[in-house]
Structure formats: structure tokens, C-alpha cells
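In the order they appear, the protein sequences are chains A and B. Position one of the first sequence corresponds to residue 1 (my numbering), numbered consecutively onward. Position one of the second sequence corresponds to residue 328 (my numbering), numbered consecutively onward.
Hints in this document: simulated from the structure, not taken from any laboratory. Hints are supplied without guarantee of correctness; some may be wrong.
[Unchecked claim] Selected chain A positions facing chain B (Cβ under 7 Å, derived; list incomplete): (1) H81; (2) L108; (3) V115; (4) E122; (5) T137; (6) Q148; (7) D162.
For glycine and all other residues, C-beta sits at the position ideal for the given N, C-alpha and C.
2 protein chains.
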Amino acid sequence: MKQYEHLFRLFFTHLEHYRTGLNNLNPKELYEPENYILSLGGKRLRPILALIACDLFDKAPDYALNSALCVELFHNFSLIHDDILDQAPLRRNQATVHQKWNSNIAILSGDVMLVKAFKVLENYPAEEFKQLVSLFTQTAIKVCEGQQMDMNFETADNVTVDDYLKMISFKTAVLLGCSLQMGAIHAGAGKKDQQNIYEFGRHLGIAFQLLDDVLDAYAEGFDFGKMPGGDILANKKTFLLLKALELASSRQQKELHKLLALDKTSSGDKISGIKLIFDELEIKKLCLEKADEHTQKAIEHLNTLQVNQNKKQQLKNLALELLHRNI
Amino acid sequence: MKQYEHLFRLFFTHLEHYRTGLNNLNPKELYEPENYILSLGGKRLRPILALIACDLFDKAPDYALNSALCVELFHNFSLIHDDILDQAPLRRNQATVHQKWNSNIAILSGDVMLVKAFKVLENYPAEEFKQLVSLFTQTAIKVCEGQQMDMNFETADNVTVDDYLKMISFKTAVLLGCSLQMGAIHAGAGKKDQQNIYEFGRHLGIAFQLLDDVLDAYAEGFDFGKMPGGDILANKKTFLLLKALELASSRQQKELHKLLALDKTSSGDKISGIKLIFDELEIKKLCLEKADEHTQKAIEHLNTLQVNQNKKQQLKNLALELLHRNI
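When you get a sec, could you build the whole thing from the sequences and use the hints?
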């Protein structure tokens, strides 16, 4: 991502300025958690995409800074609330907001961040503002729906691979599409171009999540920053597990269900047993192929755009770089 | 409120139409709670105020229906989340959302309602849309801040009457002002008129909340629909208690703190003991005077408006009707 370092710096300065402003707001209990979660870092991929798309369609990228802030605020709002839902103690190796303060403060500071994601768009002219807010509300609704689907999957026993792909499209991928389209809106791109850049981001997001599933099962802990096999231990219905359940012979089905029923005390056996079946069915390969399919679709959408070839190539490189992690 | 019955019917039809649409949305777990809370009734005061203000400034009130829906969705979103914060089992004598489903569903279905409060404004033209959204975000932020202040008051021991008035202005009153101003925006009212109708609603809201404090302590349970003395038992820092603490002699201070320390087993003694001190200090009268002061301010703001005298009188009557409950 070196080629975009100036955009990261641009956004970082803007975010720091916003965070400084939070120090003057009251009540503190509402704004300190916002400042805290924004300080924890993360890739800042979503905001950068807004700047990249604005630049791609030939408008100065700093014009998109408040849209970038909007999606970053929304993303962090969703992390605060999701961490309550998941009862997660840690986020980026630091205490989650509900853990550091309490659930009530986490609910309410999340709510106010969601409202402020709309507020930071107010600098834009009315016509543009309306296009941005319409896209953003539509996206935000999908993200909530994706999160609810994900929660439903925990107890549902008839989840298909297609259900899963829809869920990750909503929960994760559409916000990448939205970020890019916001940049395109700023630059006055046509509707068709807006849709293509949105779809580029959406497919990229799906590919990214599928690779995350593979990494969770196969990456070394040190590289990945999480305990490997976490999804397997939690019986999480990822592409890997759902595909395995779909393709398994009746012997493998039985074995899989036996392994899924194992509790935490047999974590080593559970992970190795399930991965053995994944190997028999070549699940890792199938998941990487599916990710590749979405990467290809993303690139196809990008290729339709009549924009500066160098900038397009740079964005393609970013996509491929994001997708070539240590697998 | 008989004079506004046609507006109530208008809004009711619009809301029913919206609720019917919710039946087709998925995942069900996200939209059933929204449908449920909207079905529980309530005064529908906020949405009606948007229609009334639109009519007051001579635009057909049905034009404001989506703004009315916006504030009603926001109000109900805030009820869902506040009920989690308060661990309230009941809302309008029915199970709260987190009680009927669970806290996770209550958080997430509240979030999506908040987003949809913005979405329903999309029917309006861009310039108007931007004015509405700006007013609405500013109001929504205040409501969250008011809710956080209210939570902070529970454990703070230096809350003043002024702090309390600011809190109820934010938590309750500004949304009434916002509803009215939205109607005024639709009708193309000038900035000054917009501010005056907003302030009319805000002062009305403060007066209304102060009367609610009095009712909680002094109304008969049957009339009020809640257990009388609930605030006293919960040591809630209402105008009554804060004013009493401010005016109490050192003997009364001591006595008040002893009574506040009593637990639930002595609820009868606690209520009667605290009300005895309220009586000694004429706290009920002081609270009614403060409510009257805000009612007067509300009316003054209303009086500044150059609008149809009959319509103005009708709105004045509504305000006075709302404020003359059984005290």
C-alpha cells in the first residue's frame, strides 16, 4: 500500500484533528469511548478507498475526507456494538469499549457515533449530500442485516454457502463498495461508473473475507494476530465449514458432527480432526478458488472504468496486495 | 387534542402503511421488534407536532408525513435502547424488546431503526433534505447526550437543578422542538420563525417533564398509569429531590439522606418521609411554578409567529391541554 502513503497521511491528519475536537465535548463518558476506539488503529482501508476513488475520477482526494471520516466512524460504531453482541473482551489487543467502560456506555457512545457519521457529511453541497446520505443509509441497513444474519447462523442448521456469501457481502463487503462510491460521487462520476466502482469494492470485500476464513484456519498465529483455529473451535459457519458440510460423504458428515459436538477441553483434537476432513475434501483450495472468482469479478468491474490507466493499475495492485497475504 | 384528530388519523394511516412494509423485510429478527415497538401505541405527540407546524405555516400537513415518521422512528429507537440501559421489563405495559427477544436483538434492531429514521427523509428535495437531516442529527446527538447525563446523575452527588433542566431539555424536550421545526422547514418558514417554533416545543417539553416529575410523586396510580412514588423509591434526581436538597436546612438534609439510604423493604416510610420534607419546603409548588415559567416562555415564542390566529390559538390550546393533567 506504499503507493497510497500520502492518502493515509492525509486521512490520519484529518482523523487526529477530529479526535482532538472530541476532547472538548461533554459528557465525557459519551465521547471518550469514541476517541478510544478511533485510537486503536486498524487498516483504515475504508476511508482510504473513498480518497482513492475521488482521485481515480480526477478530483483532489482531500475533498473526500469527510466521507472517509463518515465510513470510518460508522465502521467503528459497528465494532463497538458488535463487540457487545459477541461479548468480545479484546479488540486489536486492547479492551473493548464495553469491557473498559460498560455495556450501557458502549451502546450509547456507539449510537452517537452512528449519528455523527451522518453529521460529518454536512460540509458537502445539498445535492451531493443527499446522494451520499442515500447511499450510506442503504449500506448501513445492509450492514445491520448482515450482522443479524450472522447471529442467526449461530443457531440455524440449514445455512447454505450462498446464505453465507450474502451475509459477508452485507456485513463486510458493501461498506467497501460504499466508500469507493462516495469518492466517485464527489468526483461527479456517472451512475454506471459509480455502480462499477461499488461492485469492485463489494467483490473485493467478499474475496477478502473468504481469505480471512482460510487464514483463521491455516495461518500461523504470529502472522495472523489471532489464535489460529478460532472459527473452528467456535463452530463458526464459515465458507470452509459450510462447503465441507455440503460436500461431505455420510461418513464424513457423521465425523464432522461428532467433532462439532466436542467441547473446549478437546480443542487440539477438534481443530486437527476438522482440518483433516477439510483436507480430504480440498476445502481450502475451493475457498481460495471462490476468493479468486470474486477477485476476478472485482477486477472486471474496475476494468470497465474509463479513467487514467496508471491510477487504475495502482488500485488493481492494492487489491491484489490485500489479497496476497500469507496463505 | 380533539381539534387535531384528522392529523392523528393521517399519521396513523401512514404509520400502518410503513408497518405493513416491515412484514416483507428480512431478517425477521431485525424488523419484528421494530414493528412490535411501533405497535405499542403512545401519544404520537412528536409526529403530530411536525404535521401541526407544517399546517401552521400554511403547507398541507400530509407533506410532513415522512418527517413525522422520522421523529417517531427515532423516538422508538431511543426507547428500545433506553430500556436496555434501564433494564426495564415493561414499556407501555408490554414486554420491552430486550425482554421479549434479547439484548443483542434489541441493540441491533434499534440501530437499524435509527438508520431508517434518516432513510424516510429521502423523499424530500435535496435542499430541504439537507436542512432536515442537519436539524435531526443535531437533535439526535443532544438526545444521546441527555441520556448519558441522566445515567451520570445516578452516581453523581453534586447535581444541581440547572444540570437537571439541561438534561431534560436534551433528553426529552429538543425532540419536540425538532419535530415542529421540521414542519416549519417543509412550509418554507424563515429562520427566525423556525427558531421560535423550535423553542416553543423545547420549553413545552421541559414543562411537560417537570409536570411528569410532580405526577410521579403526587398522582393517583390509576390516573398516571405507573406506580406513584417510583422516582422517590429509585432515588431519582428529579427537580423535586434536587430542589429539596438545595433548600433543606441541615436538619432536613440529614433526614433526607437517611431516607434516601432506606432500602425497598421500607418503601412506604421512604415515600411518605420524603414527601413530608417536600411539603415542608413547598417543593411541589416550586416545581409547578417552574413548569409554568417554561409554559409561559413556550407561549411567548409561539406569540411571535405571524401566522393564522385560529391555528395559533389551537396550538396554544393543545399546549395547555397537555400541561393540565390531573395534578
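(message) Hint compliance check: list the failing hint numbers for this structure, sorted ascending.
(response) Those not satisfied come down to hint 7.
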